[in-house]
Amino acid sequence: MPQAVVIVFKSTHDVIKAKNELAKACIAHELIPTPKEISAECGMSLRLEEPLLSKALDLFQTAGVRYRDDLL
Amino acid sequence: MIYFDHAATSFPKPKEVFEAMADYFFNIGANNGRSGYRMAIKASELVFNTRELLARLFQIKDSARIIFTKNVTESLNIAINGFLEKGDQVVTTSMEHNSVMRPLRYLEQRGQIKIFTVQANREGLVDPEAFADILKKEKIKLVVVNHASNVTGSIVPLEVIAEIAHRHGSRILADAAQTAGAYPVDAASGDIDMLAFTGHKSLLGPQGTGGLYVREGIELLPLIRGGTGSNSEKEIQPDFFPDQFESGTLNVIGLAGLGAGVKYVLEKGVSNIRRQEMKLTEMFIKEAAKIEGVELFGPGGMDQRVSVVSFNISRCAPSTAAYLLDKHFDIACRSGLHCAPSAHSTIGTLPQGTVRFAFGCFNNAAEVEKGLTALAEISRKEYCKE
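In the order they appear, the protein sequences are chains A and B. Just so you know, our numbering puts 15 at position 15 of the first sequence, and the rest follows in order with no gaps. Just so you know, our numbering puts 1095 at position 95 of the second sequence, and the rest follows in order with no gaps.
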């Protein structure tokens, strides 16, 4: 079972944008409440399998999705 | 009832607007941007989708640059108060609504800013060169223009004024209250720095919705600060869009309706809506001009106006005419100053104002004919002398 990674975003706007981009590219993902070990954010984060991370980040870069790379 | 008050708010709304609001009310209900359960995700998606639809309508590349407000007045207040600083100078026109003039005059009274005004002609039209004349002589930070007047329906050439403003190092704020959804508004090719709009007029959404587009690079301070669901560990306001300007719970049910309204406008097409509304406007103006005692205001050319028409009936106060139209002819319209005293001063209708018919995309020719018949009767009747 590959390791899961959690991506935290700047704004909820970016979470939904990220989710839409991943869905369009058929990349499996799940929205989850941001785990408190990662950040005290009260919003949502996105969980996916580690091997999919670089492809996901490429997509985010292209689409202008603002994620917290300091928390990756 | 014949409804000719679309410049105030549109009625009826498409049934899809009600359905979207009912769906939110019965099936979603949660707040956006605060939690991660499925209901909350749906609410966040809904707000996101409305933002995306607006970005498509206004040709805005990044929808995060659109912030939601409760109406265009709030949008204009954020733009004016958040952008201007002590010592700044502003150019505006004599056709502005009080939603622009009151925040500007407030800053002026406090000695914060200086206002220069471009005088429109009697038809409510402004000459773009008049902006250039001021901008050449004065250091102007912001040009504020009403895209179309809520009194005369006259349109300003936004792109031309934006180009002049930028050539002189100024920024432009456009008030699209009367144009968004009824006339093409293109923030990209129009080179607009800030665009204020309301959701409940030609975007066909419910009251309590509006927004402001702010181009990247514009430094703006929010009017209010508070919880945003982001950066929650800090007691300092986020400095990114849209969260910086959306503190507190959003009007999600209203935004559900606004999204459906904008979708309806996009599907129907702004140019088709405009063609339909202007056909009625042209018919009304052409026939009303033939009625003895009716004086029409605003530009004669249909390409210079939106579907807002001001008129007066001789020997009949605007308030009386509006009362008679409602009581005897079942026609809803607005009379008076329409919150734009300087526009009435420009067209010579102070202090009594005008009667205003504003046609919407659900009006038809038969209704306009009834309106014309009513005007003809009122202009003949003795009771107009009251």
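Just so you know, these hints were derived from the structure itself, not from any lab. Among these hints, one or two may not hold up.
[Stated by the list, open to error] Some but not every residue of chain A turned toward chain B, in silico, with C-beta under 7 Å:
#1 K10
#2 I16
#3 H29
#4 L31
#5 I32
#6 P33
#7 S54
#8 L59
#9 T62
#10 A63
[Said to hold, decoys possible] If you want the footprint, here are the derived chain B segments under chain A, 3+ residues with CB under 8 Å:
#11 1031-1037
#12 1040-1046
#13 1340-1351
Note that CB positions come from ideal geometry on N, CA and C, so glycine has one too.
### Violated hints - listed by number, lowest first
The structure breaks hints 3, 7, 8, 9, 10 and 13; every other hint is satisfied.
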